[in-house]
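Novice: Residues per chain are reported as follows:
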Amino acid sequence: MSGEAVTTERASEVGGMTIGGRTFGSRLILGSGRFDSPDTLVRCVETSGAEIVTVAVRRVSLDRADEGGLLRHLEGTGVMILPNTAGCYTAEQAVRVARLARAAGLSEFVKLEVIGDERTLYPDVVELVRATRTLVDEGFVVLPYTSDDVVVARRLEEAGAAAVMPLASPIGSGLGVVDPLSLRFIRDAVAIPVIVDAGVGTASDATVAMELGVDGILMNTAIAMAEDPVKMARAMRLAIEAGRLAFEAGRMPRREWARPTSPDEGRVGE
Amino acid sequence: MSGEAVTTERASEVGGMTIGGRTFGSRLILGSGRFDSPDTLVRCVETSGAEIVTVAVRRVSLDRADEGGLLRHLEGTGVMILPNTAGCYTAEQAVRVARLARAAGLSEFVKLEVIGDERTLYPDVVELVRATRTLVDEGFVVLPYTSDDVVVARRLEEAGAAAVMPLASPIGSGLGVVDPLSLRFIRDAVAIPVIVDAGVGTASDATVAMELGVDGILMNTAIAMAEDPVKMARAMRLAIEAGRLAFEAGRMPRREWARPTSPDEGRVGE
Amino acid sequence: MSGEAVTTERASEVGGMTIGGRTFGSRLILGSGRFDSPDTLVRCVETSGAEIVTVAVRRVSLDRADEGGLLRHLEGTGVMILPNTAGCYTAEQAVRVARLARAAGLSEFVKLEVIGDERTLYPDVVELVRATRTLVDEGFVVLPYTSDDVVVARRLEEAGAAAVMPLASPIGSGLGVVDPLSLRFIRDAVAIPVIVDAGVGTASDATVAMELGVDGILMNTAIAMAEDPVKMARAMRLAIEAGRLAFEAGRMPRREWARPTSPDEGRVGE
Amino acid sequence: MSGEAVTTERASEVGGMTIGGRTFGSRLILGSGRFDSPDTLVRCVETSGAEIVTVAVRRVSLDRADEGGLLRHLEGTGVMILPNTAGCYTAEQAVRVARLARAAGLSEFVKLEVIGDERTLYPDVVELVRATRTLVDEGFVVLPYTSDDVVVARRLEEAGAAAVMPLASPIGSGLGVVDPLSLRFIRDAVAIPVIVDAGVGTASDATVAMELGVDGILMNTAIAMAEDPVKMARAMRLAIEAGRLAFEAGRMPRREWARPTSPDEGRVGE
Amino acid sequence: MSRTRTASTIDVVANGESHTIPDGQTLAGFLAARDLDPDVVVVERNGEIVPRSRFGELRLETGDRLEVVHFVGGG
Amino acid sequence: MSRTRTASTIDVVANGESHTIPDGQTLAGFLAARDLDPDVVVVERNGEIVPRSRFGELRLETGDRLEVVHFVGGG
Amino acid sequence: MSRTRTASTIDVVANGESHTIPDGQTLAGFLAARDLDPDVVVVERNGEIVPRSRFGELRLETGDRLEVVHFVGGG
Amino acid sequence: MSRTRTASTIDVVANGESHTIPDGQTLAGFLAARDLDPDVVVVERNGEIVPRSRFGELRLETGDRLEVVHFVGGG
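Residue numbers (my numbering), protein chains in the order written: chain A, 31 to 300; chain B, 31 to 300; chain C, 31 to 300; chain D, 31 to 300; chain E, 164 to 238; chain F, 164 to 238; chain G, 164 to 238; chain H, 164 to 238.
Worth flagging that the hints you see were computed from the coordinates, not collected in a lab.
Taking beta-carbon pairs under 7 Å as the criterion, some of the chain B residues facing chain H (in silico):
1. T291
2. S292
3. V298
All C-beta atoms in this analysis are idealised placements derived from N, C-alpha and C, irrespective of residue type, glycine included.
Using the sequences provided together with the hints, build the complete structure.
Specialist: See below:
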């Protein structure tokens with residue numbers, strides 16, 4: 031099955047998402063870190079159907095010939111490159127890195143991270159709102175990685191963010207959706223797309239998140255660190271579609287007591 | 031997308047399951063109860079990709095012309111009909127109904143239910159083991175609906191069951207997988223297929239169940255009672271494939287502390 | 031605080047439980063296995079307020095002088111000794127061990143275990159029901175350790191059991207109450223006392239279990255294997271009382287949206 | 031049992047907590063809203079052992095004789111009154127209300143609330159940090175109600191807060207501890223006391239929270255809206271002590287497989 | 164059940180209710196009289212299942228107890 | 164608020180509503196006229212908190228904005 | 164088990180192992196010889212429980228199978 | 164850093180480390196000397212981003228602080 035055919039199929043099934051005026055057929059954003067090779071990454075891009083891939087901005091090595099760069103590998107996939115500001119701890123640092131990223135000439139999109147705590151990689155939401163304002167003023171399309179705080183999400187929207195990207199659980203933890211209620215609060219409180227960023231560990235986590243009505247999911251470790259990343263990439267793609275479809279289909283009500291699915295009347299020998 | 035093409039695709043992705051010597055391309059068994067019309071049922075069969083559909087055995091109406099019967103509607107789908115013994119409270123009743131079902135001439139397969147409690151529709155496992163023995167002796171291919179008790183599961187296997195079908199939560203409750211550990215115990219304890227039967231309420235429940243390594247899922251209310259059954263049928267199909275793929279792919283380890291996905295070294299301005 | 035005073039206090043707070051015609055002031059039954067010394071066990075008995083302590087029946091050592099026996103240590107505590115049939119895998123074995131236990135002349139009470147699986151220590155409920163019938167016929171007061179299967183619980187009650195003791199999670203696992211719904215089903219289905227047996231790992235597990243309305247809890251590893259067993263014994267005692275009181279007090283309803291506790295009207299400067 | 035004796039007992043069991051230089055024997059802070067009568071409130075204060083009670087600041091009625099005021103009722107209990115700034119949506123409002131509260135002459139303590147969202151009553155953490163700085167500068171002992179965001183908690187500590195009071199789930203929801211991990215992150219990240227504020231619905235929620243190692247719990251609706259508030263107040267007191275003791279005692283490790291508590295060797299008839 | 168019984172009719176119990184039918188009616192006739200397609204029903208007579216091939220020859224007798232069943236939607 | 168205003172009265176706003184009071188009335192008088200115990204209320208006048216010790220001497224003036232608050236049940 | 168057997172000894176199996184004991188030894192004697200307090204053990208002989216009151220009179224015989232048990236810590 | 168400095172070289176700091184380069188070297192020359200493809204790097208000089216079109220004309224000066232970055236894998 032070719033990547034193109036797949037995109038077509040999916041788009042027709044669960045629609046896509048529109049961020050900052052651009053429409054993407056896939057609701058999955060793939061992070062490019064921690065893959066064992068560029069080749070595995072590329073295959074996961076294709077298998078997952080992702081149309082957006084995040085990258086980090088880092089110093090080149092000036093002492094030895096560098097490996098050539100990630101972009102060369104991703105060129106053929108047709109994905110949009112989404113630079114992040116990972117590793118920044120102040121609004122100023124993050125703004126600086128965002129500007130460097132934009133200077134590469136690929137797009138105005140930036141995944142904005144302003145970290146506030148090294149152990150949990152939790153965002154510093156005060157700095158985050160500041161940095162969002164600055165970057166929006168400079169014409170960036172800003173996608174901030176944020177906490178699951180509904181008030182902060184609304185502030186980010188007010189500051190001009192193109193989407194909000196709340197965490198499901200800590201980056202790289204694989205703990206899944208710890209607090210579904212807060213994600214729903216955010217979903218209900220903002221009009222911009224909500225992309226769950228961080229915490230997904232396996233396919234069912236993605237399905238659970240999508241069933242809350244969010245627009246998409248950004249994931250990285252769950253695929254890169256699976257025993258078979260390419261197979262997990264496929265699982266994630268289906269899991270996101272399944273969750274979205276289930277959200278749209280409207281689940282049955284829960285009940286504590288059982289209810290038969292076969293008719294009570296007409297039983298033999300009564 | 032035609033039903034046939036779909037089956038081919040899926041079979042190649044996540045394999046099928048073999049029960050009682052027959053191989054099925056889909057891991058989803060669909061219950062036919064509580065649909066608003068035979069037409070909706072048929073469309074859900076097609077959309078879900080199910081190759082096995084359960085039915086109940088009930089008295090015909092002798093006073094008014096009956097609606098013609100479910101079988102006429104399902105004929106075109108090519109599914110295998112799996113009669114159940116729903117509503118039976120003793121081994122004797124269940125055996126009697128199984129024999130009636132077999133006399134219809136479709137197959138030797140029976141989904142064996144011996145209920146022990148009307149409110150929870152929990153099986154009576156003592157009667158269940160007895161009925162399984164009797165039916166196996168008579169040449170049936172027996173798929174017993176059972177509790178999530180690993181010892182009972184092994185007893186059913188010893189009695190000759192072709193698969194065990196533990197509940198995830200009460201029939202018709204939609205509460206999902208309440209006790210994943212017990213399902214894994216069963217998965218590890220028996221060599222026959224394990225089909226989760228009852229309790230799935232939405233797509234993520236199916237994904238969670240499949241990630242435990244079970245072979246398939248029987249569901250009914252989650253699809254029939256969704257606001258849009260046909261869309262939910264599609265969600266379920268993808269959810270089961272996603273869960274199976276994730277199980278096979280081997281998920282990342284969970285960790286409580288965060289771990290960055292972008293490199294720590296080489297940050298700008300350090 | 032003396033053990034006696036404590037019992038009085040508790041009895042007046044949350045009442046006791048009556049099993050087989052005997053009333054106990056405490057709802058906590060303590061298992062005596064895995065303690066680092068008889069002295070720690072005795073202190074935990076006193077601190078927990080337990081009035082029933084389970085023991086196992088094992089061969090004495092005929093080659094070397096034995097340590098003198100557990101009973102000597104427990105004599106001063108005034109607890110009722112409740113022998114178990116741990117390690118038995120058939121009804122016959124369990125009945126044999128129960129008879130040996132009774133011959134010690136302490137009481138007719140027996141905690142009946144018939145194990146069906148070595149890894150999970152799940153009961154074999156078919157054998158369990160058989161053994162219960164036999165022992166009840168012989169005049170025993172039978173407290174069977176069972177699964178969380180409501181139908182089996184009712185069968186045990188019909189067989190004459192004086193209480194049912196469903197597991198919360200596997201023996202020695204410390205996983206707490208995995209399936210609260212099933213425990214409530216049991217609580218609603220039988221008239222005899224329900225004692226949660228196995229799975230409690232920390233104080234909140236005990237509180238959760240008691241809030242379901244069960245009558246008591248049997249625990250062992252959670253206390254014996256805590257870093258400070260005596261302190262955990264005290265925690266458990268309070269946790270059980272807290273859970274029972276909360277059950278009787280009737281908890282507030284859950285709601286997904288917030289609701290202020292301070293008045294909306296009369297705010298300053300409105 | 032008199033209130034005084036109780037306090038003594040508890041203090042000796044699980045110690046107290048020290049906030050802003052004052053030591054309290056009880057780890058429970060009671061909110062005074064939504065009680066059916068002042069009398070019920072006073073009885074719950076006594077039964078719970080609380081030594082701090084929160085109150086709201088509201089306009090008096092100038093048209094009809096007011097009921098006399100809450101303080102008269104609480105005078106005899108010896109509790110410390112902790113005014114809150116509930117209902118404030120900006121730092122300025124909250125500061126104004128805090129000053130009014132202090133002018134009552136009772137103490138410098140204030141429970142600082144700056145709400146950011148009416149439906150969820152989530153704090154506005156940006157405003158919260160600002161208001162904390164202002165009030166600390168004015169000599170207040172500030173206890174801010176905050177989200178479960180570890181970075182914000184550290185900022186509040188840096189701003190001079192005397193404690194942080196993260197929510198367990200939305201105010202008045204009774205959903206319990208939704209995200210235990212985030213509460214532990216906070217517990218590990220700050221040196222000031224951590225008081226869980228909001229979300230506790232029943233006794234086990236309090237035990238769960240305390241087992242995370244937090245210093246205390248502020249609760250209101252769980253007691254006021256229980257069917258029997260006084261009994262629930264007693265349950266909560268025991269639940270908090272149980273949780274604290276269990277935290278200090280160090281729980282057993284969790285394990286997925288069972289482990290017998292009775293010896294394997296020496297079984298009869300082997 | 165209160166219908167007049169003549170020499171040429173008998174009573175059988177089918178699906179729990181009494182039916183008065185012509186004496187000598189076959190099972191196939193019984194089904195046809197009720198517009199039932201014999202290919203989609205299964206019949207148990209006095210506790211024994213009747214093979215479909217015998218529907219045409221089997222004559223019902225007074226007091227026969229029949230279960231006439233088919234498949235309906237069920238989970 | 165539509166009461167006739169005479170030379171001997173002034174209008175103040177207290178807790179968001181207009182009150183017509185005798186000219187020259189002290190804050191203590193204002194509270195006493197409303198049966199309010201000065202020991203359990205706190206008063207803010209034109210954005211400034213009035214120390215309780217000054218309630219007796221402080222004369223209210225036309226247009227004064229008062230907040231008169233106390234403690235009520237709250238979590 | 165490899166001890167010389169003389170006319171004055173017999174073999175019994177106790178707790179799964181063979182024991183050579185003096186011919187005519189009582190159960191009480193058997194326990195005493197092993198420093199066991201008869202008040203805290205229960206004995207089964209050839210599948211039958213021996214009442215404690217009979218420990219003194221019961222003479223063990225060749226091939227007797229004994230289970231001698233007591234209570235130990237268990238959950 | 165311990166290399167002999169002659170009249171024809173200058174020192175710049177690039178990516179946090181000192182580099183001795185020929186006096187008058189352009190940014191393009193600096194990159195070429197290190198085998199770096201100018202199309203995949205972005206350069207900041209003394210806090211200002213240098214447009215790629217100016218790499219060829221911009222001559223580095225003593226004490227210049229450069230950040231030379233590119234994209235790597237990151238989530």
